[in-house]
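Note that the protein sequences, when read in sequence, are chains B and X.
The first sequence begins at 1 in the UniProt record's numbering and counts up by one.
The second sequence begins at 1 in the UniProt record's numbering and counts up by one.
A couple of the hints might just be wrong.
Pairs count within a copy or across copies, as identical chains cannot be separated in the list.
Computed cross-link-like contacts, DMTMM-like style, restricted to lysine to aspartate or glutamate with a CA-CA straight-line distance of at most 25 angstroms [claimed, not checked]:
(1) Lys158 / Asp189
(2) Lys100 / Glu87
(3) Lys52 / Asp189
(4) Lys46 / Asp16
(5) Lys158 / Glu190
(6) Lys38 / Glu156
(7) Lys100 / Glu89
(8) Lys100 / Asp144
(9) Lys158 / Glu93
(10) Lys62 / Asp18
What the hints contain is simulated information worked out from the structure, not anything from laboratory work.
There are 2 protein chains.
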Amino acid sequence: MSKTELNSGSVRGPVDHDVRVQIVAAATEHFSLYGYEKTTVSDLAKAIGFSKAYIYKFFESKQAIGESICANCLSQIEADVRAAVSEAEHPPEQLRRMFKSIVEASLRLFSQDRKLYEIATSAATERWQAALAYEGRIRELLQDILQAGRQSGDFERKTPLDETVMAIYLVLRPYINPLLLQHGFDYIDEAPAQLSSLVLRSLSP
Amino acid sequence: MSKTELNSGSVRGPVDHDVRVQIVAAATEHFSLYGYEKTTVSDLAKAIGFSKAYIYKFFESKQAIGESICANCLSQIEADVRAAVSEAEHPPEQLRRMFKSIVEASLRLFSQDRKLYEIATSAATERWQAALAYEGRIRELLQDILQAGRQSGDFERKTPLDETVMAIYLVLRPYINPLLLQHGFDYIDEAPAQLSSLVLRSLSP
Chain B
1 MSKTELNSGS VRGPVDHDVR VQIVAAATEH FSLYGYEKTT VSDLAKAIGF SKAYIYKFFE
61 SKQAIGESIC ANCLSQIEAD VRAAVSEAEH PPEQLRRMFK SIVEASLRLF SQDRKLYEIA
121 TSAATERWQA ALAYEGRIRE LLQDILQAGR QSGDFERKTP LDETVMAIYL VLRPYINPLL
181 LQHGFDYIDE APAQLSSLVL RSLSP
Chain X
1 MSKTELNSGS VRGPVDHDVR VQIVAAATEH FSLYGYEKTT VSDLAKAIGF SKAYIYKFFE
61 SKQAIGESIC ANCLSQIEAD VRAAVSEAEH PPEQLRRMFK SIVEASLRLF SQDRKLYEIA
121 TSAATERWQA ALAYEGRIRE LLQDILQAGR QSGDFERKTP LDETVMAIYL VLRPYINPLL
181 LQHGFDYIDE APAQLSSLVL RSLSP
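All chains, please: the whole structure from these sequences, using the hints.
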């Protein structure tokens with residue numbers, strides 16, 4: 001599909017989707033080189049070779065493009081975490097792997113691509129939908145592991161489940177949220193093991 | 001003691017101490033009005049009515065003055081926390097009070113005096129001695145409570161004490177360190193109770 005075709009104006013559903021994907025891919029590359037905060041939609045349009053007006057047909061703002069990029073990054077982290085968790089059979093080990101893999105995956109994003117990390121920081125600061133939805137999905141995964149552990153008899157059942165989920169989420173949050181993660185490097189090597197051990201002690205029946 | 005006397009150059013031990021206290025008091029007031037980062041030693045000297053050279057006789061840098069102010073603030077937080085802890089008799093309740101009071105005292109500093117909080121932020125970012133010493137004293141207090149709880153039979157004794165201290169310190173850290181605290185306001189009301197409950201569950205014998 002050439003840019004001329006795209007610019008012809010005859011856009012329909014599936015084509016819309018392709019153009020959006022194309023814009024997000026180009027924007028990801030551009031932001032990862034020049035940073036998110038400093039780039040305007042005009043800069044982006046020039047770099048991709050689209051008109052600014054054309055980009056605005058698909059995304060209402062720079063933030064909307066950033067949200068898509070952010071959602072992709074966070075989905076990748078989530079997929080890594082789910083893969084690590086699913087490798088373990090027993091809920092206690094699943095919880096350990098969740099702590100370990102979420103810190104590793106978040107750190108990978110931070111160290112491999114600082115410019116994209118900047119987008120995650122904006123997402124966290126301005127509470128973008130993509131970031132909030134991700135936090136919700138992480139809490140759901142946590143809840144699933146806790147429920148499985150209660151059923152298997154590995155975890156205590158006295159504490160209300162939502163209270164346990166929330167407390168453990170609070171323990172994990174400094175290593176998920178990019179605003180907090182960037183101040184936690186002193187303890188990053190030992191924190192996942194030490195915190196998951198503490199949490200597992202708190203869950204013993 | 002007049003400023004003329006102070007400027008006469010005949011400073012000895014106890015007088016040195018008085019002048020230092022006087023400079024720190026004046027600097028605290030000045031920084032709390034104009035901010036730490038933006039103020040230079042020259043600004044400060046002018047505001048206090050001392051020469052810059054005279055201030056440098058007592059403090060080798062602006063940071064050295066900031067360290068003294070920071071140490072005072074952190075000592076105040078520590079005193080509040082120790083007072084709250086000492087009101088409780090049993091180690092589990094002492095631990096709850098430690099969590100509650102440390103968050104409250106840190107928040108008070110943050111909300112009452114944003115300009116002084118800026119000094120605490122610099123201290124945490126640049127790892128000033130005053131901040132590191134404070135963190136060490138907080139870990140000691142935690143260890144004392146844990147040891148008392150192990151002796152009273154309230155807390156389990158299987159986990160190595162230093163591991164327990166470190167893990168609980170990591171749970172508490174986002175609410176102590178000003179760089180992290182400023183990103184934790186969403187959960188600040190519930191966090192102390194939820195986290196101290198989780199920690200107490202993890203400590204049950």
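These are the hints, each one checked on the structure:
| no. | hint | verdict |
| --- | --- | --- |
| 1 | Lys158 / Asp189 | between (32 angstroms within a copy, 23 angstroms between copies) |
| 2 | Lys100 / Glu87 | within (13 angstroms within a copy, 38 angstroms between copies) |
| 3 | Lys52 / Asp189 | neither (44 angstroms within a copy, 44 angstroms between copies) |
| 4 | Lys46 / Asp16 | within (20 angstroms within a copy, 64 angstroms between copies) |
| 5 | Lys158 / Glu190 | between (29 angstroms within a copy, 20 angstroms between copies) |
| 6 | Lys38 / Glu156 | neither (50 angstroms within a copy, 53 angstroms between copies) |
| 7 | Lys100 / Glu89 | within (16 angstroms within a copy, 37 angstroms between copies) |
| 8 | Lys100 / Asp144 | within (17 angstroms within a copy, 30 angstroms between copies) |
| 9 | Lys158 / Glu93 | both (21 angstroms within a copy, 20 angstroms between copies) |
| 10 | Lys62 / Asp18 | within (18 angstroms within a copy, 57 angstroms between copies) |
Against the hints set out earlier in the document, violations occur for numbers 3, 6.
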